[in-house]
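Enquirer: Knowing the structure of chain H, use the given hints to seat chain F on it.
2 protein chains.
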Amino acid sequence: MKRTSFADMDCSIARTLEVIGEWWTMLILRESFNGVRRFDGFQERLGIARNVLAARLQRLVDSGILERRLYQERPERYEYRLTEKGRDLYPVLMSCLRWGDKWAVTEAGPPILLTHKCGHAPGMILTCQHCGEEVNPREVAVRRRDSTPGIGGERVAAG
Amino acid sequence: MKRTSFADMDCSIARTLEVIGEWWTMLILRESFNGVRRFDGFQERLGIARNVLAARLQRLVDSGILERRLYQERPERYEYRLTEKGRDLYPVLMSCLRWGDKWAVTEAGPPILLTHKCGHAPGMILTCQHCGEEVNPREVAVRRRDSTPGIGGERVAAG
Numbered sequence: 423m424k425r426t427s428f429a430d431m432d433c434s435i436a437r438t439l440e441v442i443g444e445w446w447t448m449l450i451l452r453e454s455f456n457g458v459r460r461f462d463g464f465q466e467r468l469g470i471a472r473n474v475l476a477a478r479l480q481r482l483v484d485s486g487i488l489e490r491r492l493y494q495e496r497p498e499r500y501e502y503r504l505t506e507k508g509r510d511l512y513p514v515l516m517s518c519l520r521w522g523d524k525w526a527v528t529e530a531g532p533p534i535l536l537t538h539k540c541g542h543a544p545g546m547i548l549t550c551q552h553c554g555e556e557v558n559p560r561e562v563a564v565r566r567r568d569s570t571p572g573i574g575g576e577r578v579a580a581g
Numbered sequence: 423m424k425r426t427s428f429a430d431m432d433c434s435i436a437r438t439l440e441v442i443g444e445w446w447t448m449l450i451l452r453e454s455f456n457g458v459r460r461f462d463g464f465q466e467r468l469g470i471a472r473n474v475l476a477a478r479l480q481r482l483v484d485s486g487i488l489e490r491r492l493y494q495e496r497p498e499r500y501e502y503r504l505t506e507k508g509r510d511l512y513p514v515l516m517s518c519l520r521w522g523d524k525w526a527v528t529e530a531g532p533p534i535l536l537t538h539k540c541g542h543a544p545g546m547i548l549t550c551q552h553c554g555e556e557v558n559p560r561e562v563a564v565r566r567r568d569s570t571p572g573i574g575g576e577r578v579a580a581g
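Residue numbers (my numbering), protein chains in the order written: chain H, 423 to 581; chain F, 423 to 581.
Bear in mind the hints are in silico, worked out from the structure with no lab data behind them. Please note that the accuracy of each hint is not assured.
One copy or two, it doesn't matter: identical chains are merged, so the pair holds either way.
[What the hints assert, rightly or not] Only pairs whose alpha carbons sit at most 20 Å apart, straight line, appear in this in silico SDA-like list of lysine to any residue:
hint, residue 1, residue 2
1, Lys507, Glu556
2, Lys507, Val483
3, Lys524, Gly486
4, Lys524, Glu498
5, Lys524, Met448
6, Lys507, Asp484
So that you can see chain H by itself, here it is in the shape it has in the complex (with noise of 0.2 Å):
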C-alpha cells in the first residue's frame, strides 16, 4: 500500500500519526510501559519479524521516543528505554485501551485490568486543566493559527 507523508501537513495529529502510525509501532510502545526493554523481549511478547521489530525499533529511535542504551559489554547488548517524548505517548495509549474496552471487546470483557495505586480503574477523563471540568467536543472552538480557511477551520458542531 502506498501511502501518503502527513509531515508536511499542517496538523499536529497528521505529524504524529506520522510518527506512530505504523502498525506495529503501538503495540511496541505498549510494552515498553509494560517494561519491556529488550529486542527478544518485544519479540517474544509480539511474536513480530525480527527485521520488522528492527526497523521499528530504528525507528522510534530516530524520532527520540525510545532510547538506545548500551548494557552489557561482552558482548554488546542494548535496551530501548523510552524517552519523555515517549512516556509523552501515554495518554495516546490509555485513550485507545478505554476505547477499545468500551467499543472492540468480546464476551470476555476487557482482556486486560489496570488498577490505579488508589485501588481502581483509572477512568481516562479528559478535563481542562483550567475550569477541571470534563471536555465535550461541543464546547471546543478550534481555529486555525493564521484563521485561514481549509483543514482545521472554524467548526460547526460535532456528530
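Expert: Leaving out everything else, chain F in the frame of chain H:
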C-alpha cells in the same frame, strides 16, 4: 505493504488500531469533529482521492463509527455523521493533537488553536475517576484478565 490483522489479538489497543489505524481514517474523523458531513466537504478539506475517501467512509460506516443518512431525495444525497461510538474517539484524537502540539510542531507553534467554553485552551489530563488524581503510568498495575503470562502481563516499570 502487507499487514497483519490485529483484530484477533486479545488486546484493546490492537483492536482499536484495527478500526482506526488506516492512514486517512483519523483525519476523516478530525473533519467529522470539525462539523464536516458531506463527501465533497471531506474531499475538499483532505485533498484525498475520491475512491480512497469512499472506501474509508464505507469502512467507518461498517464499523459503526459514522452513520450514513439521506439528506436529499432528488438526487439522492447522503451525509456522514458521528455515532456515539465515533464520538467516543474524541480522547484518542485529542491526545494525538496534544502530543503533536508539544513534540511535532514547527517554530510557528501549534497550527490549530482550541478554546474551551471557559475561555482557555483545554488541557488533556488523564485523571482517575475514583481518586481524581492525574494518572502516572508508574502508578498503574497491569495484569491480564486470565492472568496467564504473555502480552500485557505483569508490568515492571515504565521508561
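Enquirer: Run every hint past the structure and note whether it holds.
Expert: How the hints compare with the structure:
1. Lys507 x Glu556: For Lys507 and Glu556, the Cα distance is within 20 Å only across copies (18 Å; inside one copy 25 Å).
2. Lys507 x Val483: within (11 Å within a copy, 34 Å between copies)
3. Lys524 x Gly486: Between copies, since 13 Å is at most 20 Å while 32 Å is not.
4. Lys524 x Glu498: The answer is neither: 44 Å in one copy and 34 Å across copies each exceed 20 Å.
5. Lys524 x Met448: So Lys524 and Met448 pass the 20 Å test inside a copy (19 Å) and across (18 Å) alike.
6. Lys507 x Asp484: within (12 Å within a copy, 35 Å between copies)
In summary, the one numbered hint that this structure violates is 4.
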